[in-house]
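J.: Which chain is which? The protein sequence lines are A and B, in order. Residue numbers are given in numbering that gives the first Met the number 0: position 114 of the first sequence equals residue 113, and the series is strictly consecutive. Residue numbers are given in numbering that gives the first Met the number 0: position 58 of the second sequence equals residue 57, and the series is strictly consecutive.
Since the hints were derived computationally from the structure, they do not count as laboratory data. Errors might be hidden in some of the hints.
[Unchecked claim] Computed footprint of chain A on chain B, listed as stretches where at least three residues anywhere in the stretch have a Cβ under 8 angstroms from a Cβ of chain A:
{"hint": "1", "stretch": "59-65"}
{"hint": "2", "stretch": "97-108"}
{"hint": "3", "stretch": "222-234"}
[To be verified] DSS-like cross-link-like pairs, simulated, lysine-lysine; straight-line CA separation at most 25 angstroms:
{"hint": "4", "chain 1": "B", "residue 1": "K199", "chain 2": "B", "residue 2": "K227"}
{"hint": "5", "chain 1": "B", "residue 1": "K9", "chain 2": "B", "residue 2": "K25"}
{"hint": "6", "chain 1": "B", "residue 1": "K25", "chain 2": "B", "residue 2": "K183"}
{"hint": "7", "chain 1": "B", "residue 1": "K60", "chain 2": "A", "residue 2": "K44"}
{"hint": "8", "chain 1": "B", "residue 1": "K25", "chain 2": "B", "residue 2": "K2"}
{"hint": "9", "chain 1": "B", "residue 1": "K9", "chain 2": "B", "residue 2": "K67"}
{"hint": "10", "chain 1": "A", "residue 1": "K44", "chain 2": "B", "residue 2": "K11"}
{"hint": "11", "chain 1": "A", "residue 1": "K44", "chain 2": "B", "residue 2": "K9"}
{"hint": "12", "chain 1": "B", "residue 1": "K111", "chain 2": "B", "residue 2": "K67"}
{"hint": "13", "chain 1": "B", "residue 1": "K11", "chain 2": "B", "residue 2": "K67"}
{"hint": "14", "chain 1": "B", "residue 1": "K11", "chain 2": "B", "residue 2": "K60"}
{"hint": "15", "chain 1": "B", "residue 1": "K67", "chain 2": "B", "residue 2": "K2"}
{"hint": "16", "chain 1": "B", "residue 1": "K135", "chain 2": "B", "residue 2": "K105"}
{"hint": "17", "chain 1": "A", "residue 1": "K141", "chain 2": "B", "residue 2": "K135"}
{"hint": "18", "chain 1": "A", "residue 1": "K141", "chain 2": "B", "residue 2": "K179"}
Yeah, the Cβ is synthetic: ideal placement off N, Cα and C, and Gly gets one too.
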Amino acid sequence: MDFSFLSRYYPMYITGTLNTLALAFFTLILGVVFGVVLALMRLSKNPVLRGFASSYIEFIRGTPLLVQLYIVYYGLPQVTGMRFPSFFAGIIALTVNSSAYIAEIIRAGILSVDAGQMEAVRSLGMSHTLSMRYIIIPQAFKNILPALGNEFIVVIKESAIVSIIGIYDIMYSGNIIRGNTYRPFEPLIIVALIYFIITFTLSNLMGIAERRMRISD
Amino acid sequence: MIKVENLHKKFKDLHVLKGINEEFNKGEVVVIIGPSGSGKSTLLRCLNRLEEPCEGKIYFKNCNIMDKISNINQHREHMGMVFQHFNLFPHLTVLENITLAPMKVKNTSLEKAKEIAMELLETVGLEDKAPVYPAKLSGGQKQRVAIARALAMSPEVMLFDEPTSALDPEMVGEVLEVMKKLAKRGMTMIVVTHEMGFAKEMGDRVLFMDEGNILEAGLPGEVFNDPKHSRTRDFLSKVLRA
């Protein structure tokens, strides 16, 4: 085992890590926003909204992320005539994908809140929207925090796939170093370690958040 | 204050309310009794449309709240409701449970809402529980907070849906005390309950329901001592013997 390549190549890992973090950050924010919207659509009384959300979620969950990424990166420019920068395409594809999973997690969370809560808050004269905002969604989030944390970790790991369209993430930097040094094992071990440090830190942070939210129990 | 005309409610094939006609007057305490499944809770829940009636009219202060143009949220502001299972908001403190609706619906300021909440907590005897989360309260305390929460909107009528049925026996008294206090202050109350003592003592009128109909209505003395229907006699002999 020879890790001497690190002294020369470590800046590549740093760039890669920063790019992976940026990619994951935007994907998670957008994924939660669209996930909430899709979950509310799927629970809505309007059959058009409900139908759209259900088909979207089923289709996205039933197709590989790699295919979705290729459709966004190679397919969309042909149809729209616009070519996205690869980083942007990566965020779109990962968001499209994770929002479907997050929507299902949030929907389950909303359904897990006791029906009596909605009745109580509506009986006070609050509208459906206010009730969702102040009573149902906060409780749903508390219930789904572990599942959501899991999904965040999945997104960070799965984001490695975007290296295939040339986004300079952790995986990409590992690939370059592997090619330059002719040694595949050590550079990939470093790649795995960086992913692990990120996901392990995140899962600890989620644990702290969970404990905070349990104050009211 | 509330007038119900020919109210029907069906759950699929089950005909729960079969044409209810009744009037509830201002300042009146009406107690609805009857066996389980007689439709008494459903009737109460139809009054603020937590249950959507299939047919009929409900007038609240001469306004038909079944009309599509009438905004049900506005009517609900004036009708407080207390549930069997309390339904306090577990992620909010006792104080926040009470201040939420006045602030969000009536735009009451935080200071004013807190002031009202503390007064109400004093009324129900729980002013020291303001900063506590509901999980830390006993059942009786939860129900008293739930009553305070409903009162915070200054409703004109209070609907009680079996408020003591989920309580341990030793906690029933404290909730009934609060309800008696309210009744003495002249609050209009419609109470679905199995507490016959409360019905006798505080009820201005007692309604006996069975199989989706109001079989008997009258002063507590009349209904309890001289029931006209055999079903009423049957029911009373069962619950009063216990």
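J.: Take the C-alpha atoms of B:K25 and B:K2, compute the straight-line distance between them, and say whether it is at most 25 angstroms.
T.: holds (11 angstroms)
J.: Compare the distance between the alpha carbons of A:K44 and B:K11 with 25 angstroms, and conclude whether the hinted pair is satisfied.
T.: Given that 25 angstroms is the threshold and the Cα spacing comes to 19 angstroms, the pair holds.
J.: Holds or violated: A:K141 and B:K179, Cα atoms, limit 25 angstroms.
T.: This hinted pair is violated, its Cα atoms lying about 38 angstroms apart.
J.: Using C-beta distances, would you say chain A covers the stretch 97-108 of chain B, given that this needs three or more residues below 8 angstroms?
T.: holds (count 4)
J.: Compare the distance between the alpha carbons of B:K67 and B:K2 with 25 angstroms, and conclude whether the hinted pair is satisfied.
T.: Given that 25 angstroms is the threshold and the Cα spacing comes to 18 angstroms, the pair holds.
J.: Would you mind confirming whether the straight-line C-alpha gap from B:K11 to B:K60 stays at or under 25 angstroms?
T.: Cα-Cα ~31 angstroms, so violated.
J.: For the pair we were handed, B:K199 and B:K227, check the Cα-Cα distance against 25 angstroms.
T.: Answer holds: B:K199 to B:K227 is near 17 angstroms, not above 25 angstroms.
J.: Regarding the pair B:K111 and B:K67, is the alpha-carbon distance no greater than 25 angstroms?
T.: Not OK: B:K111 and B:K67 at ~34 angstroms, beyond 25 angstroms, violated.
J.: Straight-line Cα separation of B:K60 and A:K44 no greater than 25 angstroms?
T.: violated (30 angstroms)
J.: Count the residues of the stretch 59-65 of chain B whose Cβ falls closer than 8 angstroms to any Cβ of chain A, and tell me whether that reaches three.
T.: violated (count 0)
J.: Need the status of pair B:K135, B:K105: alpha-carbon distance at most 25 angstroms?
T.: With a Cα-Cα distance of about 29 angstroms, the restraint between B:K135 and B:K105 is violated, given a limit of 25 angstroms.
J.: Are A:K141 and B:K135 close enough, with their CA atoms no more than 25 angstroms apart?
T.: holds (18 angstroms)
Violated hints, in rising order: 1, 3, 5, 7, 12, 14, 16, 18; the structure is consistent with all others.
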